[in-house]
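The chain contents come next:
There are 2 protein chains.
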Amino acid sequence: MKLEQTETGFTLSLNGRTILDHSDASPAIFVGYGQERMDMYRGNFDIEDYVIERRALSHTEIDGNRVSLSDASGQSPRLILTLVESAIKFEATDPKLNRLWVRIKADDDEHVWGGGEQMSYFDMRGRRFPLWTSEPGVGRDPTSEMTFKANVKDKAGGDYYTTNYPQPTYVSSALYALHVDTTAYSVFDFRQKSFHEIEVWAIPERIELFAAPTFVELVETLSSRFGRQPPLPDWVYNGAIIGLKDGANSFPRLDIMRQAGVEVSALWCEDWVGLRQTSFGSRLFWDWQANETRYPKLRDKIAELRESGIRFLGYVNPYLCIDGPLFEIADKAGYFATDGLGKTALVDFGEFDCGVVDFTNEAAVEWFAEEIIGKNMLDYGLSGWMADFGEYLPIDVHLSNGVDAKLMHNAWPTLWAEVNAKAVASRNKTGDALFFMRAGFTGVQKHCPLLWGGDQSVDFSRHDGLVTVMCGALSSGLLGNAYHHSDIGGYTSLFGNVRTPELLMRWAEMAAFTPVMRSHEGNRPRENVQLDQDPEVLSHFARMTRIYRHLAPYLKSLSVEAVERGLPVQRPLFLHHQDDRQTYTIQDSFLYGADVLVAPVWQAAQEDRTVYLPHGERWVHVWTCESFAGGAEIQIAAPLGKPAVFYRAGCTNETLFAALREI
Amino acid sequence: MKLEQTETGFTLSLNGRTILDHSDASPAIFVGYGQERMDMYRGNFDIEDYVIERRALSHTEIDGNRVSLSDASGQSPRLILTLVESAIKFEATDPKLNRLWVRIKADDDEHVWGGGEQMSYFDMRGRRFPLWTSEPGVGRDPTSEMTFKANVKDKAGGDYYTTNYPQPTYVSSALYALHVDTTAYSVFDFRQKSFHEIEVWAIPERIELFAAPTFVELVETLSSRFGRQPPLPDWVYNGAIIGLKDGANSFPRLDIMRQAGVEVSALWCEDWVGLRQTSFGSRLFWDWQANETRYPKLRDKIAELRESGIRFLGYVNPYLCIDGPLFEIADKAGYFATDGLGKTALVDFGEFDCGVVDFTNEAAVEWFAEEIIGKNMLDYGLSGWMADFGEYLPIDVHLSNGVDAKLMHNAWPTLWAEVNAKAVASRNKTGDALFFMRAGFTGVQKHCPLLWGGDQSVDFSRHDGLVTVMCGALSSGLLGNAYHHSDIGGYTSLFGNVRTPELLMRWAEMAAFTPVMRSHEGNRPRENVQLDQDPEVLSHFARMTRIYRHLAPYLKSLSVEAVERGLPVQRPLFLHHQDDRQTYTIQDSFLYGADVLVAPVWQAAQEDRTVYLPHGERWVHVWTCESFAGGAEIQIAAPLGKPAVFYRAGCTNETLFAALREI
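Chains as they are written, first to last, in UniProt numbering: chain A, 1 to 663; chain B, 1 to 663.
Do not take every clue at face value.
Identical copies look the same in the list; a pair holds intra-copy or inter-copy alike.
As the list claims (entries may be wrong) - Derived PhoX-like pairs (lysine-lysine); straight-line CA-CA distance at most 25 Å:
hint, residue 1, residue 2
1, Lys245, Lys301
2, Lys406, Lys193
3, Lys193, Lys96
4, Lys446, Lys429
Since the hints were made in silico from the structure, they are not lab data.
Could you build the full structure based on these sequences and the hints that come with them?
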C-alpha cells in the first residue's frame, strides 16, 4: 500500500490502484452521528437511520503512515487513520462519532461480488446492500404477492439483500478485495459510477485490503484470512443425506427409498428432539436431547444404521424452550442473556418462549458444547446436525461481556459456529461430524464445515427459488466458504404455494453437482410432494444420487483443493476465466471445480437451457458427447434428468465425466 | 418575535413561546447538500435523497436582528438569518448548500394540523410528511391488497402522505402557525418529542410565523396571508351538481332525477369535449372545446337548462393532446414546456401524448385564459368546470421562466388556479362561475373558489375511502380554503372494487352538510351503481338534496363568514372549543359552521355512531330533538338517512335546524 500526500489531501493505492482519493474538493471520508431505529419481529428487522450530522473531514495532516483528519485547519483531529501492513486502522478522537462513510474509488465497468452469502444478485454493482444478519424473507421481492402476504402477516417478506449470512467484504473485478473489520450494522452502496460508498454505524477497527494477480490467488488469500474448513467427511460421498421428520416411521421410509436405488449417506431427522403442536402446525421441541417417545430406542437404531454404512443426523439451535428441562439448568446457572433487570430475557418464537444462551459467557459455551452437543448429541451417536438460527440475537438483551447487543448481533452466527466446532473437536470428530448452518458472518469460515442456503420457497421464483441457491454458493464461496448446499425441493410452503414434482427433480439435478446432496420435507410435509410419494420423482432422485456418488473421486479432489488452497467446490465461471469478461455477471451457472460447468434449469416447463461457455476451451456436453468451442452462448436440450452439464475437453477426469452418460 | 443571545447560540421566541433554541450543544439549524433521485410515473413519484453533507452550524454571531451562522468561530458564515417582522429570512452565503434542516421546539403534548390537504391524518404529530404535489394514490395503504396491486401495475398505490395538495404550513395547538416560503420539495417531520424537524431541499426564502390568542383568529390570519375565495355562487344553493358523462343521454337522465324530486343546481358533463377509446376504457378527449358530435346543439341545450334554473359545467386540464386541433396552435406559438433540445416535451398519459402548456409564459397564460377558458368555455355558456390535474408538471421539462422544473413542480397547481381565475375575472364571473380543483399549494387559496377531495376509492377504506374526505376538508380549511367538497360515491374503481348502494347513500348524507353537493359516475360508470339505477338510492339522494337546500340560508351566512373572516365552512371541533383538548385529535366528525356538528357514518353496516360532543354546550340531535350535555362521548342511532347531526342548543338558527326532521 502506498500513501501519498496531495495538494489538499491524500491518495492511498494498492498495487498501483488508487483506493482512496481524498481532497478538499472531493472528499472520500465522512463522519457523523445518528440515531438508528431497529425493530425486530422474529428475526425480521425494520431498520431506519436518522443521520444528525454527516460531514467530510476536509483537513488532512500526514505524518509517515498516519493521517489525521479534522473539519478544518487549526481544529483538533476527529479521526486518525494509520496504515498497518495492508490495512487502514481507524481511531476516532471524537467520542460522539458513531457513523463513518468511506468512498472507495471505482471504475465505470467494475464488477463487485461477495457481501457474504447473497441470494439475489451475485454482481452487486448498481445496488445498495445493508449487511445485517436476519431471516432471509419469504419471496424476497416486494412486487410479489408472496412477499406482500408475508409482510402483512409477519413482516417476513424480505428483500433482495436480506440474508442469514452477510459479511462486509467484497471482491472487485479490479483484482482486489476489501474487508471492513466490524460487527456493527454496515452498508455497501455500489450505486455510484465513480465510487463505492461504505457506511458503518460505528467507527470500525480496520478496513483490510487484499490484492493478487489472479482471482484464484485472491480467493486463496481471503480464505487464509477468514479461516478454512476441514475436508468433507468420507461418509458423505456415499450418497444423499435423506431428511425425514416422521418419527419412528422415518426408518421404514428410508428403507423403501434405498430399495428404490437411492444412494444414502445419512438419515437426518430434525424431529429427533420431539414435537410440540402450535396453531402453525407441529414445531420441534426446543430442548436438545433425544426424544424416545417419538423415536423409541433411538440409540440402538442409530447403531444399526451405522452398521449398514448410514449415519444419523439431528438438529439443534442456540435457544432453549421455557418448558423443557434444560431451560431450568441454564436459568439457574445464569447462562442466558438477560433483560435490563438481570432476569432471563424471553424471546417469543410463536406460541412458545425461549431463553437465549449467552455465548459471550465462557461457562455457558462450555456447558452447551459439553453437556448438550457433546453428551446429548455426539456421544449419543449423532454424526451431524443442522445448527439452525444464529441470526436472531435480539438487540435489546444484555450480555455477560457487556457489549451492546447491537454490536454482538452480527457476531452471533460466528460464535454459534464456534460452539458447535468446539464440541466436535472435543470428541476429535472434526472432519467427521458434519453440522451445517445458514447463518454466518466474518469468521464463520473457520468454524462452520458446511453452509446451507437457508429457507427457499418451494418454487422457481427469481428471488426465493431454486436459482438463488447458486448465487448463495458463488458469493459465499469467493469469501472462503468452500462447501455449500441446499434443501432439495426448497423449504417454505406458505399461502397455498406448494412443491411440484418438477421442482423436486430440477433441484435434485442441481444438487448432484454440489458438495452435499440433502433432501428436506419442508415446513409442511403433508401438503407438499415428497421424494417417496411419486415413482418418477423417486427414480429420478435415485439416479441423481448415483451420479453424485460416481463423481465422488472428483469431489474428493476438490475437497483437497479446498483444504489446501481454500478454493470453493462451486465456483463462478470467471474464477478460472479471468480474461473473459463475459463471465463476470453470470450467476445461473457455475463451475463444479475447474473442469465441470453446470447450468441447471431453474425455471418451470423448460426443455432446454441457454448457456455461456467460457472462451479458450472446448466444452463437452456430458449427455451427448457433443463438444462446443467456448466464447459463445449456446442453447442445449435439458429435459428432466439431463441438466446442462459440460466438462473441459482434455481435463484429467475426462473418462470419469464421460462415463456419466451411462448412469 | 424576540431574538436573544445565549451563551453559545440564540433563542427566538414568538409571543413568549420559544420557537428556536440554537446552541453548540444542541443545535437547531443544520445545512448541507444532497443529490436527490426523483422518478415520476404518471403523477406518482419515487423519491430518494442522498445526503452528502449535513452539519450543524455551531458558531453564531448576532448583530441586531441578524444572525450569522458558521461551522466554527473564525470561519466565514455559511447562512444568514434576518428577522423581518414575524418572519425569518434565509440567505445562504455558501452557494453549495441545497439542504436545510430546522428544529422547531415542541411540547410533548403538542398537536399539529395542516400540511395542505391531508387525507389520512389530521393531527400530524408522530409522523413524517413529505410535501410534494402528486397523484393521491390508490388505497394509500401499503398493507392493503388494493395499494399493492396499484403499485405493481402502475406504481400508483400511494401512502398516508401522498396528496394533490401539500403545503409547507402547519398550525400548532400551542396557538401559533408556521409557514415555509418555498416551492422546493420539503418534509415536515413530527416524530420527535422535543422538536419538529423541517427539511427543505433548497435554502428557502423565509419561514413565516403567526400567533394569535385563539384558533379562530389564527385561521383568520392565515386566510388573509394566503388569500380568500369569493362567495359561493347563488345558483349553487338550488341543489346538487349532477355529474353525468353519458353524452346527449345525460339530459333525459337528469330529467328523470328531477322528476324523482332531486333538487338540482347544475348538470356537470366532463365528457363535453368528447371521448377517446383506450385499453383502459373511454377517456376524455383532451382538447378543450365543445364536442357537438357527442353533445349535439350543446349551446342551445345549455341555454334551455339555464332557463329552467340549471347551470351546465364542463371539464378542463392544463394539457393538450397531440391529436387535437389546439395542440398545433400552441405548438406553433411555442406555448408548451420543452425538452432539453427546445422541442415540445410530450407527456404520456396512457396511450396518448400531450403537451404541457407553460404557465410561466405570459403569452401562453393569456392564450389559455382567453381562447380556451374564455371563449370555448365561458362564452359558450359554461358556468363552471373541474379544473383537473396541476400536480403533474414533469420535473425534467424546460420552462420559459428558466426556473428548474423541480422548483416549479409544487408551484404549478397555484399557477393553474390563477389561469382559471384570470379567465373567470375577464368575463366578470368571479363568484358566479365555479371551477373546482384537487391540486393545490401555497397561494391556491387566492385563486381557487372550491376544492374537491380528489379521487377516493369507491369504498369505506380508512386511507382512501369516505372518511378521508373529512380529513381533507379540515386540514385544508385551517389554511384558508373555506370551501371543500368531494365526489359523492367516490371515483376510483379498480381490480373489481365497486360501489355499493350503501356507500352512495352514506356519502350523500355527508355531502348534504358541506358547501357543495356533487355526484360523480366514477371512472367505470357501467360497473358501478349510479344514483338513477336504484330507487332507494335515488329517493335517499333526493331527500339529501332537499336537506342541503333547506340549509341554504345557514350556508349563505357561512359563505359570508368565509368572505369576511376566512373561516372554512367545515371546521374541526377544536376551532370553537379551544379549551376542550379532547377535540384536538378528532377527524371523523366536523362542525358545519359554529352551530352544527356532523358525524357521518364512514364504515359499512353501521346502525349507530359514537360521537364526542364538545364540552360546555348542549347538543340537540336533529332527528329526535333529544339533547345531550357536551364533554362526553355518546352513542347515537344513525341508520341510513339519519346521519349523526346535532345543533347547538340556543343558537340563532335553531328553528331552521329543528325543521330538518320534517324533510
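Hints and how they fare:
no.	hint	verdict
1	Lys245 - Lys301	within (15 Å within a copy, 79 Å between copies)
2	Lys406 - Lys193	between (32 Å within a copy, 24 Å between copies)
3	Lys193 - Lys96	between (31 Å within a copy, 22 Å between copies)
4	Lys446 - Lys429	within (15 Å within a copy, 83 Å between copies)
Every hint from the earlier list agrees with this structure, and none is contradicted.
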